[in-house]
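Enquirer: Letter by letter, the chains look like this.
Protein chains: 2
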Amino acid sequence: MTGPHAPPGQPAPIPPYRLIAITDDLRDGQDGLADRAAAAVRGGATMVQLRLKHTDARVLASVTRALVARVPVPVIVNDRADIALACGAAGVHVGPDDIPAAAIRRIAPPGFLIGVSVGSESEISNAAGGDYTGIGPVYGSLSKLDAGNAIGLLGFAHLADAAGLPAVAIGGITTATAADVMAAGASGIAVIAAIFGASDPEAAARSLRRAIGRP
Amino acid sequence: MTGPHAPPGQPAPIPPYRLIAITDDLRDGQDGLADRAAAAVRGGATMVQLRLKHTDARVLASVTRALVARVPVPVIVNDRADIALACGAAGVHVGPDDIPAAAIRRIAPPGFLIGVSVGSESEISNAAGGDYTGIGPVYGSLSKLDAGNAIGLLGFAHLADAAGLPAVAIGGITTATAADVMAAGASGIAVIAAIFGASDPEAAARSLRRAIGRP
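Residue numbers (the working numbering), protein chains in the order written: chain H, 1 to 215; chain C, 1 to 215.
Please keep in mind that the hints were generated in silico from the structure rather than gathered at the bench.
All of these numbers come straight from a predicted model, not from anything done at the bench.
Be aware that a few hints might be false.
Across the chosen pairs, the derived CB separations fall in these ranges [what the hints assert, rightly or not]:
#1 P11/C - G32/H: 54 to 60 angstroms
#2 S199/C - S120/H: 39 to 45 angstroms
#3 R27/H - G164/C: 36 to 42 angstroms
#4 A162/H - G32/C: 33 to 39 angstroms
#5 P110/C - G88/H: 19 to 25 angstroms
Simulated crosslink set (SDA-like; lysine to any residue; CA at most 20 angstroms straight-line) [stated by the list, open to error]:
#6 K53/C - G95/H
#7 K53/H - G95/C
#8 K53/C - P96/H
#9 K53/C - R58/H
#10 K53/H - G95/H
#11 K53/H - R58/C
#12 K53/H - T55/C
#13 K53/C - L52/H
#14 K53/C - H54/H
#15 K53/H - G32/H
#16 K53/H - D97/C
#17 K53/H - D97/H
#18 K53/C - P72/C
#19 K53/C - I107/C
#20 K53/C - T55/H
#21 K53/H - L52/C
#22 K53/H - G29/H
#23 K53/H - R65/H
#24 K53/H - I14/H
#25 K53/C - A34/C
#26 K53/C - L26/C
#27 K53/H - H54/C
#28 K53/C - D161/C
#29 K53/H - A34/H
#30 K53/C - D97/H
#31 K53/C - G95/C
#32 K53/H - R27/H
#33 K53/C - R27/H
#34 K53/C - D28/C
#35 K53/H - A57/C
#36 K53/H - K53/C
#37 K53/H - Q10/H
#38 K53/H - G129/C
#39 K53/H - P72/H
#40 K53/C - D25/C
Even for Gly, the Cβ is constructed at its ideal location relative to N, Cα and C.
Just need the whole structure built from these sequences, with the hints factored in.
Expert: Structure representation (structure tokens):
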């Protein structure tokens, strides 16, 4: 999805991938997760990405519907385009083991958001058909134990440039480092623990939103 | 999908769920699996159901495309409606942990086949939105170690009647028992090991097709 053009003299609209809050787990149930997501959005998260490993599709569908009903920003689902489409989500995020973005694009309605993970040179071609890339891990990740080695700011900038789409930085980003990744060319940041793992997700999102500055 | 009405005086067309050959694994690679599927269809399998546990979505998508290109009967994919839709498959089969059939129906094109597993009274409501049910395990299953206890022919007949859709019997069915399950009201049978586990899948499918008789 390409954002609408700003009218002359107006600031560009904030893209949905400016501050992506990625869910962690269902430790406080579906309602608890929806509460935390709503708090993150109040704090300034511009999108919620539903990522729950080891959760079956029926539960994922139920959580998707709960989030879509609850938060006033786009909700995207990890991996499962069918769940996203069937449950009214705005899009999907795919990694190297998921359906290729270009294949999803063929069955997606206009405006369906597709984010694509890119973690190395060999994964750049996966970006075809996507709206934006998620590039990392920029720093070490505490949440995604299966993530690769940290690529650093230079690695991020290189892959972002090579993939040729708006690039969202992911992997261990905090308020202390958010400005650095934006300065390295990021269009946004995505975090798991830094928002959903915080004792106050609203305050955490607000601090991150301030740290990344205004587009 | 409801089959077309037969012209007066003509036999009804054979439904695609008459003899469903469900895949087992990729022990001989994607080409090997496609070879076995093609053999099953030559022997009389009327549909191929792609079921590969612990295989990532990217590989599943690749195998789906290979099967769709290779076999001249409908191919359906377990669980993943997005893969089915993106890769040109004819439908999807869902179990109790998957997206509800009614939710998939909302995003599926006309004619998209949806099979629904029903294994107990509590799962009958899952059939809503489906084209047919897969009911079992009728006998013990050697292939699906997570399948429940065998429900027997009477259990099959009861659930088939209660679900109100054409019912496909599954679970440990062989040439020795196929006629019994058809006599119990089955519209078809689905097998894993009895075809894909056979040393000669074509001959195995031919024997099963003969055993279930003609519609």
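Enquirer: All hints, please: hold or fail.
Expert: Against the structure, the hints come out as follows:
no.: 1; hint: P11/C - G32/H: 54 to 60 angstroms; in the structure: 57 angstroms, holds
no.: 2; hint: S199/C - S120/H: 39 to 45 angstroms; in the structure: 42 angstroms, holds
no.: 3; hint: R27/H - G164/C: 36 to 42 angstroms; in the structure: 40 angstroms, holds
no.: 4; hint: A162/H - G32/C: 33 to 39 angstroms; in the structure: 36 angstroms, holds
no.: 5; hint: P110/C - G88/H: 19 to 25 angstroms; in the structure: 21 angstroms, holds
no.: 6; hint: K53/C - G95/H; in the structure: 19 angstroms, holds
no.: 7; hint: K53/H - G95/C; in the structure: 19 angstroms, holds
no.: 8; hint: K53/C - P96/H; in the structure: 18 angstroms, holds
no.: 9; hint: K53/C - R58/H; in the structure: 17 angstroms, holds
no.: 10; hint: K53/H - G95/H; in the structure: 13 angstroms, holds
no.: 11; hint: K53/H - R58/C; in the structure: 17 angstroms, holds
no.: 12; hint: K53/H - T55/C; in the structure: 15 angstroms, holds
no.: 13; hint: K53/C - L52/H; in the structure: 19 angstroms, holds
no.: 14; hint: K53/C - H54/H; in the structure: 14 angstroms, holds
no.: 15; hint: K53/H - G32/H; in the structure: 17 angstroms, holds
no.: 16; hint: K53/H - D97/C; in the structure: 14 angstroms, holds
no.: 17; hint: K53/H - D97/H; in the structure: 14 angstroms, holds
no.: 18; hint: K53/C - P72/C; in the structure: 24 angstroms, violated
no.: 19; hint: K53/C - I107/C; in the structure: 24 angstroms, violated
no.: 20; hint: K53/C - T55/H; in the structure: 15 angstroms, holds
no.: 21; hint: K53/H - L52/C; in the structure: 19 angstroms, holds
no.: 22; hint: K53/H - G29/H; in the structure: 14 angstroms, holds
no.: 23; hint: K53/H - R65/H; in the structure: 17 angstroms, holds
no.: 24; hint: K53/H - I14/H; in the structure: 29 angstroms, violated
no.: 25; hint: K53/C - A34/C; in the structure: 17 angstroms, holds
no.: 26; hint: K53/C - L26/C; in the structure: 10 angstroms, holds
no.: 27; hint: K53/H - H54/C; in the structure: 14 angstroms, holds
no.: 28; hint: K53/C - D161/C; in the structure: 30 angstroms, violated
no.: 29; hint: K53/H - A34/H; in the structure: 17 angstroms, holds
no.: 30; hint: K53/C - D97/H; in the structure: 14 angstroms, holds
no.: 31; hint: K53/C - G95/C; in the structure: 13 angstroms, holds
no.: 32; hint: K53/H - R27/H; in the structure: 13 angstroms, holds
no.: 33; hint: K53/C - R27/H; in the structure: 26 angstroms, violated
no.: 34; hint: K53/C - D28/C; in the structure: 15 angstroms, holds
no.: 35; hint: K53/H - A57/C; in the structure: 14 angstroms, holds
no.: 36; hint: K53/H - K53/C; in the structure: 16 angstroms, holds
no.: 37; hint: K53/H - Q10/H; in the structure: 41 angstroms, violated
no.: 38; hint: K53/H - G129/C; in the structure: 27 angstroms, violated
no.: 39; hint: K53/H - P72/H; in the structure: 24 angstroms, violated
no.: 40; hint: K53/C - D25/C; in the structure: 8 angstroms, holds
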